[in-house]
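Going down the list, the protein sequences come from chains E and Z. Throughout the first sequence, residue numbering follows the numbering used here, covering 1 to 274 in sequence. Throughout the second sequence, residue numbering follows the numbering used here, covering 1 to 310 in sequence.
There's no promise every hint is true.
[To be verified] Below, simulated DSS-like cross-link-like pairs (lysine-lysine); rule was C-alpha separation at most 30 Å, straight line: (1) K118(E) - K58(Z); (2) K291(Z) - K309(Z); (3) K118(E) - K119(Z); (4) K95(Z) - K118(E); (5) K272(E) - K58(Z); (6) K116(Z) - K28(Z); (7) K210(E) - K130(Z); (8) K4(E) - K116(Z); (9) K272(E) - K74(Z); (10) K178(Z) - K238(Z); (11) K238(Z) - K74(Z); (12) K74(Z) - K258(E); (13) K309(Z) - K26(Z); (14) K130(Z) - K272(E); (15) K265(E) - K279(Z); (16) K210(E) - K272(E); (17) K265(E) - K26(Z); (18) K258(E) - K58(Z); (19) K279(Z) - K257(Z); (20) K119(Z) - K265(E).
Please keep in mind that the hints were generated in silico from the structure rather than gathered at the bench.
What follows is the residue order along each chain.
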Amino acid sequence: MQNKMAYTRINNVIRKEWETTFYNLNSALFITLLPFIITLQALILIYLVIKFSSSDALVNTILQRGVDTLQGTMPSLLTLSPLEKFQVLFYSQFPFYLLLIPVMIAISFATFSIIEEKQARALEPLLATPVRTWELLLGKALAGAIPSIIITWICAGIFLAGVKWIGTSHLLKYVITSSWWISILFFVPLITVFGFMLGIIASSRTNDPKNAQNLAIVIILPVLGLIGIQLGGYVILTPGLLVIMAGVLFILDLLILKVAVRLFKRESIVIKWK
Amino acid sequence: MQNIIETSGITKIFDGRVAVDDLNIKVKKGEVLGFLGPNGAGKTTTIRILSGIISPTKGSATVAGFRTDEDAEKLHEIIGLLTETPGFYERLSAKRNLEFFAKFYSNIDVDFQVNKYLKLMELWDRRDDKVGNFSKGMKQRLALARALIHEPEIVFLDEPTAGLDPEVSIEVHKLIIKLKEEKRTVFLCTHNLEEAELLSDRIALFKTNLVALDTASNLRNQLFKREVIIEMESVDNKIIEAVETLNFVQGVNKEDKQLVIELTEFDKNRPDLVESIIKAGGRIQSVFERKHSVEEIYMTLIKEEDKEKG
């Protein structure tokens, strides 16, 4: 009975979150359009680089080092032409580039959600209902995480379709590796949780969603850094390394969840959230 | 009658500032308690403690047998709270807002209750409109609907008529009277003194700590002597002298065409007083008791409290 009620309450929170978020044109456009723009941008960029540059032009760049390092971890690349190796290097970065999507969606959801509650002053009457704090927080988190993860996976699918459309489907076997799956299946949910909790923490201290969303930079910069160091050949994230990083991210998630839950205590919400 | 709300020395301190100091109060089942106090007195903090939203720094409170700081979930099933600001999701309709809040309660027929209260609050025709387009009065009625949607035994109302026009205020008063008739307990937090007297069985005067707690008439009798006012066509010295000679008269004051008279025994002495005035040639138009307003009670008690605190 209690579990059924908890499920009903969480479901109720999720439904309301989606309604209020998607009734807001700004947040609806941001959440639905931006991920596809990011994906298309990546595809167009890769297409243009490949179409209008030769492998000779790329050989003398820092990217050659990236290809060499990648080749060290993936000897099967030796059979490919120099241009194809560059293509694989580019395509391999996409799972990391893709992480920007859940970060942005999760932070947007958290900030819109909490700031909407604060502006509406609906949290106090909400806390006077039998809803438990964890049900409320979980409902909000799932309302952000579900579309975030689904949209990210759809974008991953669009990217793979794009790779095929560019005419390089024979390279997919070098792209869809265990690293790809670790990133898609573990990093996307883990970074979504991180982004959401960061959004909650930031929103509890401000009334302006833009201020809260600026915190996204805390996550976006390390993700872009990851892409940079891989393209530059400084490090290649092998499956082993990715598993370790996923573990670290999991621990960070637990820590940030602890902070968010503390902030989400009834008394903090009513007294301190202004 | 059994106590449904009991506090035992509840104290709340925020960053070194005492908001509620050692509050001991008992509210009977079915009673309407007017919780009066100036702005910043700690009324909202008290309501938040009693409704299990915040915990006291010291002391404890039980509402319907549930500890407010330990059994919040069970407590919230049986209490209704009208917050000082009627917070709603402005992009959602009135109906959707009520549905959202109603779905957190177990054992209620959400559709039935939502429709019932939309009709009761005369919001049925506007049920699909966004709350953002509602007037303050409509939002307040919707907030009352939300507080009552699960038919709570105990209702906490924080300034239910603040900022409302007189017409809407009267509607809210009628609703509170209806709750009283239904034997629900109402904890009415207000700084509207007339409202408190009109609706409450007892009045608690609160300013960080409990200053007084009793019925309005008992408080009045404790603070002021009972006086009779005789209104006449004209008042001359002959009449005043005749009144002053009466042995049960303790004091006489002339206020325009009225005599304000303090009697030894208020009910027993009045007929003799009236007879004496008529004998002295006075033409009486009306006789009534001077009724000190709740405002006078409030001001007297608050001044005494301030004096005590230095």
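Structure-based check of each hint:
1. At most 30 Å may separate the alpha-carbon atoms for a hinted pair to count; K118(E) and K58(Z) meet this at roughly 28 Å.
2. Annotation: proposed proximity of K291(Z) to K309(Z) holds, straight-line Cα distance about 29 Å (limit 30 Å).
3. At most 30 Å may separate the alpha-carbon atoms for a hinted pair to count; K118(E) and K119(Z) meet this at roughly 29 Å.
4. The straight-line distance between the Cα atoms of K95(Z) and K118(E) is roughly 21 Å, inside the 30 Å bound, and the hint therefore holds.
5. Between K272(E) and K58(Z) the alpha-carbon distance is near 20 Å, which keeps this suggested pair within the 30 Å criterion.
6. Proposed proximity of K116(Z) and K28(Z) is supported: the alpha carbons are some 28 Å apart, at most 30 Å.
7. For the given pair, K210(E) sits about 25 Å from K130(Z) by alpha-carbon distance, which is consistent with the 30 Å threshold.
8. Between K4(E) and K116(Z) the CA atoms are separated by roughly 25 Å; this keeps the pair inside 30 Å, and the hint holds.
9. Our distance criterion of 30 Å between C-alpha atoms is met by K272(E) and K74(Z), whose separation comes to about 25 Å.
10. With a C-alpha separation of about 52 Å, the suggested pair K178(Z) and K238(Z) falls outside the 30 Å cut-off, and the hint is violated.
11. Proposed proximity of K238(Z) and K74(Z) is contradicted: the alpha carbons are some 71 Å apart, above 30 Å.
12. Only pairs whose Cα atoms come within 30 Å are accepted, and K74(Z) paired with K258(E) is accepted, the gap being roughly 25 Å.
13. About 24 Å separates the Cα atoms of K309(Z) and K26(Z), which keeps this hinted pair within 30 Å; it holds.
14. Annotation: proposed proximity of K130(Z) to K272(E) holds, straight-line Cα distance about 29 Å (limit 30 Å).
15. A hinted pair counts as satisfied when its Cα atoms are at most 30 Å apart, and K265(E) with K279(Z) does not qualify at roughly 75 Å.
16. Annotation: proposed proximity of K210(E) to K272(E) holds, straight-line Cα distance about 20 Å (limit 30 Å).
17. Taking the CA atoms of K265(E) and K26(Z), the gap is about 28 Å. The hint holds against a cut of 30 Å.
18. The suggested pairing of K258(E) with K58(Z) holds, with an alpha-carbon distance near 26 Å, which does not exceed 30 Å.
19. The suggested pairing of K279(Z) with K257(Z) holds, with an alpha-carbon distance near 18 Å, which does not exceed 30 Å.
20. Simply put, K119(Z) and K265(E) have alpha-carbon atoms about 35 Å apart, too far for the 30 Å limit, and the pair is violated.
The structure shown violates the earlier hints numbered 10, 11, 15, 20.
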